[in-house]
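S.K.: Now for the letters of each chain:
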Amino acid sequence: MNSVIEILYIVAFSLFIYGLMGLTGPKTAVRGNWIAAVGMVIAIIATLLTPGVSNWILIVLGIVLGALVGVPSARQVKMTAMPQMVALFNGVGGGAVALIAWVEFRTTDDYAGLAAYVPVTSLLAAIIGSVSFWGSLVAYGKLQEVLPGRPISIGSQQQLANLALLVAAVACAVAVGVGVNSQLLIIGVLVFAAALGLMVVLPIGGADMPVVISLLNACTGLSAAATGLALNNTALIVAGMIVGASGSILTNLMAKAMNRSIPAIVAGGFGGVVVAGAGGGDATDKVVRQTSASDAAIQMAYANQVIIVPGYGMAVAQAQHAVREMAKLLEDRGVEVKYAIHPVAGRMPGHMNVLLAEADVPYDQLREMDDVNGEFSRTDVALVIGANDVTNPAARTNPSSPIHGMPILNVDEARSIIVLKRSMNTGFAGIENDLYYDAKTAMLFGDAKSSVQGVTEELKAL
Amino acid sequence: MFLANLAILVLAGFVGFAVISKVPNTLHTPLMSGTNAIHGIVLLGGLIVLGTAATGVLDKVLLVIAIAFGTINVVGGFLVTDRMLGMFKRKPEVPQQKGSDDE
Numbered sequence: 001m002n003s004v005i006e007i008l009y010i011v012a013f014s015l016f017i018y019g020l021m022g023l024t025g026p027k028t029a030v031r032g033n034w035i036a037a038v039g040m041v042i043a044i045i046a047t048l049l050t051p052g053v054s055n056w057i058l059i060v061l062g063i064v065l066g067a068l069v070g071v072p073s074a075r076q077v078k079m080t081a082m083p084q085m086v087a088l089f090n091g092v093g094g095g096a097v098a099l100i101a102w103v104e105f106r107t108t109d110d111y112a113g114l115a116a117y118v119p120v121t122s123l124l125a126a127i128i129g130s131v132s133f134w135g136s137l138v139a140y141g142k143l144q145e146v147l148p149g150r151p152i153s154i155g156s157q158q159q160l161a162n163l164a165l166l167v168a169a170v171a172c173a174v175a176v177g178v179g180v181n182s183q184l185l186i187i188g189v190l191v192f193a194a195a196l197g198l199m200v201v202l203p204i205g206g207a208d209m210p211v212v213i214s215l216l217n218a219c220t221g222l223s224a225a226a227t228g229l230a231l232n233n234t235a236l237i238v239a240g241m242i243v244g245a246s247g248s249i250l251t252n253l254m255a256k257a258m259n260r261s262i263p264a265i266v267a268g269g270f271g272g273v274v275v276a277g278a279g280g281g282d283a284t285d286k287v288v289r290q291t292s293a294s295d296a297a298i299q300m301a302y303a304n305q306v307i308i309v310p311g312y313g314m315a316v317a318q319a320q321h322a323v324r325e326m327a328k329l330l331e332d333r334g335v336e337v338k339y340a341i342h343p344v345a346g347r348m349p350g351h352m353n354v355l356l357a358e359a360d361v362p363y364d365q366l367r368e369m370d371d372v373n374g375e376f377s378r379t380d381v382a383l384v385i386g387a388n389d390v391t392n393p394a395a396r397t398n399p400s401s402p403i404h405g406m407p408i409l410n411v412d413e414a415r416s417i418i419v420l421k422r423s424m425n426t427g428f429a430g431i432e433n434d435l436y437y438d439a440k441t442a443m444l445f446g447d448a449k450s451s452v453q454g455v456t457e458e459l460k461a462l
Numbered sequence: 001m002f003l004a005n006l007a008i009l010v011l012a013g014f015v016g017f018a019v020i021s022k023v024p025n026t027l028h029t030p031l032m033s034g035t036n037a038i039h040g041i042v043l044l045g046g047l048i049v050l051g052t053a054a055t056g057v058l059d060k061v062l063l064v065i066a067i068a069f070g071t072i073n074v075v076g077g078f079l080v081t082d083r084m085l086g087m088f089k090r091k092p093e094v095p096q097q098k099g100s101d102d103e
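Sequences listed follow chains U and P, in order.
For the first sequence, our numbering gives the first residue as 1, with consecutive numbering after it.
For the second sequence, our numbering gives the first residue as 1, with consecutive numbering after it.
With the rest of the complex left out, here is chain P (with noise of 0.2 Å):
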């Protein structure tokens, strides 16, 4: 099982080189923000053992917060990337409004 595991890690690991090494400098912010989200996915493992193993009152609360710590991180973490890429979305109307201001 460890080893499988093991062997997806690495495969991932080359994954994100690959994609990433491709990524323009302007698109760096967004790009962070929206990995930021995707390492929200710890909110996974809060889910399993609290839904799963968590007994006791202090388990509970701390598996609460990180479930809300990981809701935050990907929640907050794809909105912001949203938002920012929506700016980026806009630019072809620009040379359009220029277009029409020379005539």
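In isolation and in its complexed conformation, chain U is listed as follows (with noise of 0.2 Å):
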């Protein structure tokens, strides 16, 4: 029975990575997600033919429970909301992965007989799961609003703090892997790894969410691989390390397009703080000047490239479908129309072409920054709705911005901008932005899905 279990492991195994091969691609994605379902529903199969399987009932309690929770969350969730499901469902992996740990704990006779690394890789898991579902409850709960999402911080305090947690729960989890029989020391390793997974994700500001999920993403999945270690279960060392590696590469790669390192963002405060040097004082001093719908619709009508630059203003005022109606009319007037995609505009990387897809908008001609950046300068009109920060063009020439060297859209290269913006209040990153100061600039003021159904009827009535 046990070679067929393997045996089915590895076609689940194989699946996955063909699933994960499929969605490099538009066109083969959706056939590649459900290719690793099915891998997942035979995983699941497999190891329920293990010999001496019981508890049937709980078994398919705790099924059907999770996908009564989790098949009307998934239908019903809004495509803005998409990052803070992301980082709950992610969470929810993660605290199976420390509830498992700690059960294993209590059903082993603490490791009684079992070789070092049962309890080393089992121990690991529980604080990495516990990381990463506390971690992803702050990451919800500061998307979802319920938590501002400035950084919540102790100060300098802070580093000083997550190391003393994370020597507690190592400290904690040593004791209980050397044979110290207690259950208050497992529990201990669980609430120090959930407080330091509370502590470390709470100082983050928002701007940064998009890093910090898919850092939680690869923890969940480097948990899950230490789980398979420690059960000796292919399936899930395969799995979990796999989400673990694209994980880490997906988080590099976005704090690479935010010009930030890992370590810097985890020790956090970026994104809130104070900013001194980067406007701030001499920003009353400065003209703003205001437009209007039917003043930007003729604006845009003449031009003969209009760049659309979305940000998480779209996302939040459920613009995207405005923003495709009021493109197409361009369209028609022969203007031409392309969206500058910032790799972490929104609150997930590729959050905006999601979001633009749902809409309709052709996928050419959402451009990618390096691809776009140089049409700016032949550019009449470049419209910003609800972007901010990665429109900054302090992030070039200002060295004392904190934002200094992260690659921007040159939308300050544009013959003339348009900014609709719901005020004048910072962005997520609560740096003042010079942009809005340009003499080519003009600001529209209002929300972004009324502002730009205000300019498509001017469009419509030109």
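Keep in mind that the hints were calculated from the coordinates and are not lab data.
Accuracy of the hints is not assured; some may be wrong.
Stated by the list, open to error - Residues from chain U that face chain P, not an exhaustive set, calculated with beta carbons under 7 Å:
1) Met40
2) Val71
3) Phe89
4) Arg106
5) Ala245
6) Glu368
Stated by the list, open to error - Residues of chain U clear of chain P, computed beta-carbon distances all greater than 10 Å:
7) Met1
8) Glu104
9) Leu163
10) Ala164
11) Asn181
12) Pro343
13) Arg396
14) His404
Each residue gets a CB set at the ideal place from its N, CA and C atoms; glycine is no exception.
Two chains, two frames, some hints: make the complex.
M.R.: And the structure:
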């Protein structure tokens, strides 16, 4: 029986890998996802073939409960709320790892008679899983705006406190591992790791959330792989490790796109820190030019090329369909319309692409940063919709700005710029944006969706 | 046993690197939620421990929660990924519609 299970596992993880390969292109991605899902079903069936499985009712109960919660939330979640949904799904995965590690300790009589690698990997899984669960919950809270998006920190002692928590969690784990028989110590491992998860993510500003979610995703993967080592389960090892590796790559890519190092992000504090030297005091002296929907419509209608720069503001206002409608009208008038997507626009990598795809924007109009940056100087109107930090020229010009060095969209090179924004408030990173004070820039204040709809009406009337 | 598993672990890591490096920026969100669904495989750990080792009430309760969590992760993850990718899939129809508009 065991070799049947092993063979099914091999089939399952081959399907995972094949499915993920499908995710590399938009044409094969849907099929790839389902192939991976089939792999998962095979892996579950194989596991249930293990000789002597009992507690069937409870197993079914757990799966049914999970499906009852998971299916409706996945069906109903809005595309704009996707980052927090992914954070939540990721969190419960980490929670499952932590709980399994806890019970493993309880049922193996404190790892009695087991090889040394079992407690090591199982306790490692417990720590990472617990960090991932609580960290993801905080990330969810911040993205859902249950918690404030700005960093919450205890100041300069933060790193010290985090280190102390990590040491405490590891110390408890070592004590458990070397055979100190105490139920309290294993709970200590979980609790200290939980506190660490909270303390690490709370001080991280909203702007860094895409990186954090990706990092937590990688952590849950690694903890699943560690569980696999402890349980001698190949499917868990392979699947967990693939997720761990891919999550690490993704995290790294995003951190690069923001010109930030992962340690600096985890150390926290960026995004909401009061910023010196990036505007601040002299902001009141600068003049902001306002425009109206009809002026904006005329400006764009007679342009040769318009580049739309979407940001989180568009997501919040659910404006993607309105944007698409406006773009269609412009195209009908012979205006070339492109979308410039910054790698970290929104709250999740690729977030803007998903939203614009939802609104049926053709794939080839979505242009990546490096691809589109050269075009701004040839562009008549750059329309910035709820994007802020990714357009801030201070990243290129002001060495004292916290985002200095971050690759940005060179919106300021366009011949004219229209910015749709709710107010003059600073963005998620809390940094003043000089773009708004540029002589070429006109501001159209208001909710992104109603502003775009206003422009659309004016375009129809032209 | 452990060393063989460790070898599998290392190789799987390289496979992960190799496969994912090719994914375009555009698909990063679905990719993340797809890999997210895959690590829901910890569900298997819950099944094994509950099916073969758990006896106490607390153990059983914890594992039912763990299995429920894992199932949420798996089912939710694959479903939201499918929803997101479904939007990308509709793409090819758009140019066609445009073509018919031109007539």
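S.K.: Each hint needs a verdict: does it hold in this structure or not?
M.R.: Status of each hint after checking the structure:
1. Checking Met40 (chain U) against chain P by beta carbon gives a least distance of about 6 Å; that is within 7 Å, so the hint holds.
2. The interface hint given for Val71 (chain U) holds, since its Cβ lies 6 Å from the closest Cβ of chain P, which is under the 7 Å cut-off.
3. Contact between Phe89 (chain U) and chain P, as hinted, is supported at the beta carbon level, the nearest pair being about 5 Å apart and thus within 7 Å.
4. Hint status for Arg106 (chain U): holds, given a least beta-carbon distance of 6 Å to chain P, under 7 Å.
5. With its C-beta approaching chain P no nearer than about 3 Å, Ala245 (chain U) sits inside the 7 Å limit, and its interface hint holds.
6. Interface restraint check for Glu368 (chain U): the shortest CB-CB distance to chain P comes to about 5 Å, inside 7 Å, so the restraint holds.
7. With 10 Å as the threshold on Cβ separation, the claim that Met1 (chain U) sits away from chain P holds: the shortest Cβ distance comes to roughly 13 Å.
8. Not every CB of chain P lies more than 10 Å from the CB of Glu104 (chain U), the least distance being 6 Å, so the non-interface label is violated.
9. Once the 10 Å rule is applied to beta carbons, Leu163 (chain U) is consistent with being away from chain P; the minimum gap is 27 Å.
10. Every CB of chain P lies more than 10 Å from the CB of Ala164 (chain U), the least distance being 27 Å, so the non-interface label holds.
11. With a minimum CB-CB distance of about 16 Å to chain P, Asn181 (chain U) clears the 10 Å threshold, and the non-interface call stands.
12. Residue-level check failed: Pro343 (chain U) sits 6 Å from the nearest beta carbon of chain P, not beyond 10 Å.
13. A cut-off of 10 Å between C-beta atoms confirms that Arg396 (chain U) is not in contact with chain P; the least separation is 21 Å.
14. Non-interface call for His404 (chain U) relative to chain P: holds, since the shortest CB-CB distance, roughly 23 Å, exceeds 10 Å.
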